[in-house]
Structure formats: C-alpha cells, structure tokens
Amino acid sequence: MAAAKRHSPAYKFAFYAFMLASVVITLFPFVWMLSTSFKSPGEIFTKTPTILPQLWTLAGYRNLFAAVNMGLHLFNSVIYAVSVTVLSVLFNAMAAYAFAKLRFPGREKLFALLLVTMMVPGQVTMLPVFLILKSMGLLNSYAGLVLPGTAAVFAIFMLRQFMAEIPEEILEAARIDGFSEFAIFWRIMLPLCKPIIATLTVFSFIGAWNDFLWPLIIMLREDKYTLPVALAGLNGQYNTDWGLLMAGAVVVVLPAVIIFLMAQKHYIKGIAAGAVKG
Amino acid sequence: MAEVELSNISKTFEGAPRPVLTDISFTVKDTEFVSLLGPSGCGKTTLLRIIAGLEDQTSGKVAIGALDMNRVAPRDRDMAFVFQNYALYPHFSVEDNISLGLRLRKVDKAEITARVKTTTEMLGLEALLERKPRALSGGQRQRVALARALVRNPKVFLLDEPLSNLDAKLRDKTRGELRLLFKKVNGTVIYVTHDQIEAMTMSDKIVILQEGKIQQVGTPSEIYEKPANIFVATFIGMPQMNILQKKEMTAMGYALSGPEAGLSDLTCGIRPEDLEVSAAPREGWLEAAVDLCEPTGALTTLTLSAGGTALRCSTTLKWPLAQTRAWFTFKREHMHFFSTAEGTRL
Ligand SMILES: Nc1ncnc2c1ncn2[C@@H]1O[C@H](COP(=O)(O)OP(=O)(O)O)[C@@H](O)[C@H]1O
Ligand SMILES: [Mg+2]
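These protein sequence lines are chains A and B, in that order.
With our numbering applied, the first sequence closes on residue 278, and no number is skipped along the way.
With our numbering applied, the second sequence closes on residue 346, and no number is skipped along the way.
Okay, chain A solo, but in the shape it has when bound (with noise of 0.2 Å):
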C-alpha cells in the first residue's frame, strides 16, 4: 500500500478493486460455508440462491450434535492440535537453539541432513512411522497420534534463523550472570523469539487442527476420531445432509480463526522477520 501512495488514481482505483477482488474470491467460501450452515434443506437447493438465509435455522447444527457425539471428537481435536503445538513449538525451539548457538562437531552436517529431509514428502514416511508407532504398541493412542508431529523439520529451520541474528553477546552476558544453559533458553532465548513462535504456533495448531489422513491412520476406533475424521464419516452416511456438514466445517474452523486472530499481531511480525531476515 506504501508503493501505492506515489501512484495516478487510475492505478490506484485498479489496485484496490483488485484486492477488493481477492478479498471476495478468498471469503466467498466462508460466507457460503456459513450461510449454508444456517439454511433449511430445501433452502440449500432452491434455483435462485440467496446470500443470506431467508430463514434462518438451527437445524444443520443441531443434527450436527445428534449425528455424532461432538464433545468426544472436539476433545480429541483439542488433546490433539494442543499437545503438537505446546510439545513441537518446545522441541524445535530447543534444536533450534542447539543449531544456531551451541557448538558441538558435525552442528552443520547435522542440520543440513535435516533440511534434506525437509524433500521427502510425508506420504512417503507416513507408513513406516504407522509401523514404527505400531511396533511400539502406540496404535489407537493419543501418544501416538501426537509423537510424529512434535518434531518439525521446516520450525525448526525458522527458528534456527531467528535465533542466528540474536547477538551472542547477550547469552554470554547471562553466562556470566550465572544463568544457566536450560535458563538461558527458557528466559532469555524464548522470550526474544515470541514473534516467531507466535508464527509457528499458528501453523501448527492450525495444520494438526485441520490434519484428516494421520489421526484416520492412526486412530482405529471411533471414540478416538478427531472433529475431521468423524465429520468426514458422515459425508454421504445421510445421503449428504448439508446443511449439517457445513455446520460441522464451521465448528472445525472457528477455533482456527480465533488462534489465528489472537496470535495475529506477533504472527504478522515474524513473518515479516523472517522476509527480511531470510
């Protein structure tokens, strides 16, 4: 918008009825998704669809409710994309950390083998982490649906950057103070990088929020179905109630939204540190 300011009002009109543009193409869905949620059946097909409801109903939600047992899935969810986030934000802070301010031999070869595994694509080790959890007895288990995502490669290369450009001097300041190496990390490291982590954060909730293949791998009975996976399982079981299924997707993507729009300003921030900081 800055770059906008020099501009005639011809380039300026067109800049923002094209972000005007985006904004409507990329909300259009939601709206729909919500609208949808609060309509009728026979409203949902009528031949001249309207924005809003002309009659505003409960019903999708309340068959939501009736189908499944929403509390138990909405437990899962939340046991789920907490326990990655809160464990994976922690583990790759202390990697990182190693990475970009401990010295130890081979710190370089080590983190480039991470990077190169940051090609493979996790199809490709999604059945050998099923056998391995499944070896281990972790099948059908909260431990083993959370263990894979506590650990990522990409958050752990972002932070790496982020803590590269805090001055060394400031932990060798805290040495001498007599911090010690956990305090160090613990009260100074992740504290100065809150905007990252505020970033990442996000991603990671968000990504084990919405995650549907891994928890239907590894989840074998229904009582310990995620929201995804147990609102995917009514997708034509109703010959497709949707009405009810939008109320299901608005239930999935609310608690997104608000993670994201509490962590919005800090998020914003390090994604900005991390463009210029490459």
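Quick caveat, the hints were computed from the structure, so don't treat them as lab data.
A few of these clues could be false.
To give a feel for the contact side, a few chain B residues facing chain A, derived at Cβ under 7 Å [to be verified]:
1. Leu54
2. Val72
3. Pro74
4. Arg75
5. Phe81
6. Phe83
7. Ala87
8. His91
9. Arg105
10. Ala228
Beta carbons: idealized from backbone N, C-alpha and C, even for Gly.
Let chain A serve as the given structure and place chain B with the ligands on it in line with the hints.
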C-alpha cells in the same frame, strides 16, 4: 584477594593459519586498574574473553587469587564483563537487567534491593528502572551495563571498550567518572581499549599488545618515557614520536655523541614535544623549513623538513603563519635509541 595471573596464554582459532595470541603473561594485582591497549584486531577482546572463560585458550593458564580457572565455567569465575555493545537483555527492564545476576545467585532479597539501590544511585539510573533497554540512550545503556557489573561486586571487572560507542564529549566525561567509580569500589579492573588517552589517563598499568604479542607492560609514565620498542614509541604519544635513522640524523646536521655514536644499527626517536623551536636563528640550533603549521589552540604542531627528513614538533609558541624557516634543537637526554634490526630499545 583477587590477583589475576596470566601465564603463557596462546590462542589459535580453529582453522586459522596464525595464532591470535602468543605467549601472554602478566599479573593484575588486587584493586589494580590495568588497560590492554593495542590497535584494532590485535587480540584484546579475545584475551579478555579467555580471562572470562567465554573462549578457551589453546595453551597457558588463567589464575585468579592463585586458583586455576582453566576448568571453571564463566559464571563460577566471579567476574563481571561489560561488553562493547553492552549486551543488555532486551526484554527485561533496567531493574531486572541489573538484579537478575544476584537473583540467580540466590542472594538475599533485602540485600538485592539494597545493592540495586546503591548502584543505581551511584550511576544516576533511579528514574529509568522500569524502562526497557530500547528506550534508553547510548550513554544510559552503557551505565546500565556498568551497573549490572558493579552490583555483583565481583572479584574482577572485565571491560571491553566500554566507551567506544559514546560520542566524544560524553566519552571524555565518562572516562574520569569510571576511574573514580572503580577506585570507590576498590575494583580490580582489566580494561580493553584502543584509545591511548583512555589507557594513559585511567590506568595503574598498561599492557600494550600488537599482533597478539605483548610489546610492553608498565605504568603510563614508564611506557611514555621508556618505550620498549619502536612500535610502542610510535603508538603512544600524539603527534607520534619522530623516528630517524642514523644517516638522517647526520643529514640533518646533528652530530651524535656518546656511546651510541659508534653503533651502525641505530634508530633514534625524539618526541615532538621534546623539540624546542624558534622563529629566529639561535646559536648551535639546526635550521629547517616549515612545511606545515597546524595550530590547535594551546599547542601548535609544526611539520619541519631538515636535510630531506620530515620532523614533527609541538610547541606552545604562537607560530606566525607566514614564518617558513625554523630553528630547532633537542636535549640528548630526551632521545630514545633503538636497534634498527630488532626494533628494541637500547
Ligand atoms: N571466533 C573467532 N574465530 C576466528 N577468528 C577470530 C574469532 N574472534 C576473533 N578472531 C580474530 O582474532 C583477531 C583478534 O580479534 P579481537 O580479539 O577481536 O581483536 P581486538 O579486540 O583487539 O580488536 C582478529 O584477526 C579476528 O579476526
Ligand atoms: Mg575488540
């Protein structure tokens, strides 16, 4: 008792072709203020970091009060380090920056409050305690960094060019304050600087380093009056000492006398302030052309040329700018003699 003793410290960084420090030995006595002085890149910071335990020496020994520090972690050495860029904790308030070291050491709460109070009063930081470092000026940050060191009441203070980021005026003022401050707390101080004025005015003792080797250890006056070699002679003193080869002395018309006259391997040094000049001819004085006259107020620096050799001279005379001839002389006892080949004082 906090005597710091360095014995034969050498340091070569991994993969570096040459050592950064070679065979460094000296002693800092209890409550002594010692400066490490040398040009940029000579290894001062590295040496200070080795003393603090932030860097490992390749060989040699650091001892504090006769205790070998080689295997002791930085936090257990009971030293405080003031970094060149201050290295304050950006996310903590000034008060936390100052008191954290004590809190981590489990010092009694009341004692911490008392010590933070005395220290911040001493440095005039009372009004800034709630602020974050980013809301402070350079001079204020520097004082917070000092306070963080002082409050711990450590055995030894290590300071790495603490004034180099201040503007000239503030630096001038702070120099004297620092000296008084450390006298008041009876601190043992190792002070790194590349500024000879700081070293000369503040120190009990100066260690001059060049390319990782000690050139001379002595009091400021010893170093000024009896520089151990040509490097020290020209490094200390502004404008720098005139260095003349024997044949240049002869060309100038000066007849060497005494035991040095017979030496072929001889370099002579004479400080600009030890030259006497006159605008009128004097009996027995040497004659020179005035190439440049630089008045600075109290002192005027003249660049003379005699027998094809340039000589600088500082005088309190009000030199007439139009005057292009000068007559000068100097006393034999003000001359410094060095071996040309070795560079060492004879
Ligand atoms: N961590 C390091 N690795 C390799 N070389 C270093 C390192 N730290 C300093 N040096 C080198 O050591 C020399 C002395 O540096 P330093 O002690 O910072 O000098 P000074 O403080 O006197 O300016 C310089 O040539 C510098 O490049
Ligand atoms: Mg330095």
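Hints, verified against the model:
no.	hint	in the structure
1	Leu54	5 Å, holds
2	Val72	12 Å, violated
3	Pro74	5 Å, holds
4	Arg75	5 Å, holds
5	Phe81	5 Å, holds
6	Phe83	5 Å, holds
7	Ala87	4 Å, holds
8	His91	5 Å, holds
9	Arg105	5 Å, holds
10	Ala228	33 Å, violated
Of the numbered hints given earlier, the model fails hints 2 and 10; all others are met.
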